[in-house]
Every structure is written in C-alpha cells, then in structure tokens.
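J.: Here are the chains, one letter per residue:
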Amino acid sequence: MNKRYEQLSGFHDDALSDNELSDFLRDLKQDPVADAETVFRYNLIGDVLRDDVDVTSFMDISASVHRAIAVDDSIESEIENVSRSINKQSIFASWLRPLSGMAIAASVAMITVVAFRTIDTESGVPANLLTAETQTRQDYIQVTDVTPVNADLAQQVRVVSVNSDQQDAALRTQQLNEYMLEHYAGQSTVQGMIPYVRVASYGSQVNR
Amino acid sequence: MNLSRLFLLLSLMFASLTYADDVDVWLEKMTTAMEVNNYQGTLIIRQADKVDALFVQHGIDKKGVWESLEFLNGESRKVIRKQDTVKTIFPERELVTISHEIEQNPFHPQLPKNISSLKQYYNIQLAGQQRVARKNAQMLEIKPKDQFRYGFKFWLDIDTGLLLKCDVMDSNNKVVEQLMFSELTLLNKSPESMLEDEYKSFQSVDLDAGKNQQATSVWQTQQLPDGFMLVRSSSKPSSSGNGEVHQMVYSDGIASVSVFVENQMSAQRALQGVSKMGAVNAFGIHVNGHQVTVIGEVPVDTVRLMGQSVRHNQ
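Chains G and A supply the protein sequences, listed in that same order.
Going letter by letter, the first sequence gives residues 1 to 208 in this note's numbering.
Going letter by letter, the second sequence gives residues 209 to 522 in this note's numbering.
Isolated chain G (complex conformation):
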C-alpha cells in the first residue's frame, strides 16, 4: 500500500496526527478527484463489510471481478485496511472472510460505467444468468453495454454478458434516458440539487 493510500486510510479512520493531517490536506489539492474516489471507495467497502449496502446490483459483474482481482493488488490492500478498521470497531473477524468477496465486487464495480439497465426484479436474477427460456417472459430481460473506465482492466471487465439484441437495448436505454431528462429537468422537491445531479448523470445519453 503506497503512502497516499496510507494517508487516505488514516484520514478515513480519523487516525492522522496533526502533522500528518496537515500533509494530507496540503497534498489533497494535487489530485482531488482521485482522492475523493479513494475516500469514497473506503466508505463503500466499509458499507459492504458492514452489510449496509445493496449488493445485489453488483452481482452481475462478480465473475469479471474475480478475474480483475489479479491485476489490482491495491484492492486487496484496501480490503485488509478496511477490515482492520472494522475489527477495531469490534465487528467479528469471522464475518469478514465471506464478505470480502462482496467488497471486492463493490470496489471493482466502481470503475465501470453502466447505463440504465433492465433487470428481472421479480427474481432478482441478473440478465447474464438467465436462460433464453426465461427471456420470453413479459417482464423480459435486457442488459446494456458496459464501458470500462480503467483501460488496464478493460479485457477483464468486458466479459460482462451482453445479450444478442444489444441494439434494441441501446434504443430502449436512449428512450428511458430521454424520459429521465424530462422528469428531472423540471424537478422541484425537497431533495434540492439531487435531481440535477441525476440530470447530469444521464445527460451523456442526449443526442448520441
């Protein structure tokens, strides 16, 4: 684990001394995006280890995640680090081993960008695990393309299953995203700017 990860880990755990905190804050401006993502990843892994996050949405990429583990040792380091942190909080260590797979899935999930995705919410089964027979149901299944952000992991992440009528899925995704923009563009609820964050999130689909 490099020095920056140690700093971020310490920051996340409130374990930095005054001098270390000063150094950390000074360096923060150099790459705030990467640092923000790393802090978030620590939080995410922590949430998963505490069973405080819906992991079902990560299931469909679990196969590719296991392949990706080998090329990203830092993930293992983060798992160990967060596990130590949680141990300090008196969580039973025996829980950690079976859950660590989920944490890895969550961590690698973060590096993928997935568009609006149709799933079978009745069964909760991800599309790539469904048989052709299952797909004849009215609430049928569709998975859109998955775009890896990290080129180093591209080959591994690309193994996420995409079914045969991918073009239809893209059209459906485009239609949903148009609706999404309409829905949130005129939004005014108690949630403040959150709807606009969603607009921004879906904005990349416009006029593709």
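Just to be clear, a hint being listed does not mean it is correct.
Computed beta-carbon distance windows for the label pairs [said to hold, decoys possible]:
no.	chain 1	residue 1	chain 2	residue 2	range
1	G	Q167	A	N471	19 to 27 Å
2	A	N396	G	S17	48 to 56 Å
3	G	Q167	A	E300	21 to 29 Å
Note that these hints are calculated values from the structure, not bench results.
Note that beta-carbon positions come from the ideal geometry of N, C-alpha and C, so glycine has one too.
Use these hints to put chain A onto chain G, whose structure you have.
T.: What follows is chain A alone, placed relative to chain G:
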C-alpha cells in the same frame, strides 16, 4: 393525578414539542442554506454499480442563485442551473441542451410550508452527529410510513445547514443511492461561473421546443399512493417523430414520479416491465395502443402500481 406526575407529563409533552420544533428548524435551515451560502466542492454520487465524481459550484449573485455541476470522469459535461434555465454543456460535442423549469422556485420549494404534510407520510427525526467532508454534521432521518416511497438520511452541516451527504434507503434499510461531498469549501462571494462566451458557438438544442406546459391530459393515473398529487401536466412532440408525448408529474413533496404516454412505439424502443438505476425505477406497459412509461425515485412497486392503473379518459 398528583402534581409530580402532572409535572412529568407536561415535561414530556414539552420535550416532544421541542424535539418536533428541532426537526422543523433543521429542515428550514437546510432549505435556506442553499439560498444564502456560496460554496464549491467535490461531490460523489453512487447509483447501483455506477459511481461518478462532480465538481459543484454554488453561487448567489445579483441575478439570483445559480449552480453548476461538472462531471470529472468520462465524457466532459457540465450542467448549469440559473434562474429558470438548465443548460447541459457537452464541450467535446460542441453541444448545449437547454430546458426550462416551470416555476422560478427556490431549491426546496416544498419547504417549509409543507413540513406538516410531509409528516403524514414520513417519520422525520434527528439522529446523531457525524463528521462528513471534515465538517460536523447533524443527521436527519426521514422514514416512510408505507412501502411506496424510499427513506432518506441527510447529513447537514451544523454551522450552515448545507446538505453534505444523502443516503436513499429502501424498505430493508439498504442504501440504493448515495451522494456525499468529499470536500466542501465555503466562499465569501460567488465563485466564477463558466463564461457564456466559452460555449456560445456550440450547437444549441432546446429540449422544450414545442412544449405545452399547461396541457390537460386525457390520460389519468387511477391509483396513487397516499400523498402523491398531480403537480404538472405537459405535452410536447415526441423526439422520435411519434406524435405527442404527454407527461404527468406526481409528487408527495419529497419523491416524484413521471408518467409518460405516447403513441405505440417500435418494440425496440418500448420498455415492457421494469428497469432500475440506483434509486430510480421505471415501468413500461401497453395501454390502448399507447406506450406508458413510469419513472421516479420510488420503489418498483410504486411505478408498477401507477403504470398498471393508467387509463384513457373517454
């Protein structure tokens, strides 16, 4: 009842009233925080297996409140909200899309006047204090009283009331969407916004072209969860050249759901069944030769209930 018991009862009643007042005070503080503070920071949003980072700027100038959200990963894009206009700028494509809000509302228009209404459908209470983005934050829990809406946890900056973190929770208390400032800086004056000259030469697309903001729909959603009301109805030409698309927006003050109805579209474009993205669920169904699509940040049961009850008024 002796005097000591009466005193105890009155004390408990007073404490309860004070607690409710505290909740109201924090909700009002959150409401006004975005109208009086200038700030910028990095916001992380997690929706299902998708995580994005945004640079947020929020300012108050002579023309009013404005806000910009700039994506830091992936394709460069920026959303600028100023007065009643929302512009999304795609520098690489030299494209600007423009949409308009119906009303020039503050950022939390449903509050504080509808706090009592919200309490009919949500239990709202203060929780503990935690540290978020190097600031001390007061937690506020908003739990739904039925299964038709999500719960929320807000972390509000103790000094300013600004929203530092938000979790959207399902009925099992699982986080389905999360937003969090990883760092936030308060500013003495409005930050420099993107100059319009920078994107003046870009192609401009008005998403509201031909939109009738006051359209009366011949469609009706017959089953709504308690508290949801029709807040807006509009129509505009379909982007796919498929006649008109009608939109009806329903809200309970926190959550909102849109029902879209347009002529039967191709099977390739039409959603049948459910789809989800983080806290947002969608449901599609054919009704009377039309495609009905329901979208909102509510559980799947809600979009399904509403979608299956859409009828054409004869």
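J.: Now tell me if each hint is right for this structure.
T.: Comparing the hints with the structure gives:
Distance hint check for Q167/G and N471/A: the Cβ-Cβ separation is about 22 Å, which falls inside the suggested range of 19 to 27 Å. Between N396/A and S17/G the beta carbon distance is about 30 Å. The supplied range of 48 to 56 Å is therefore violated. Q167/G and E300/A have their C-beta atoms about 24 Å apart, which keeps the hinted 21 to 29 Å range intact.
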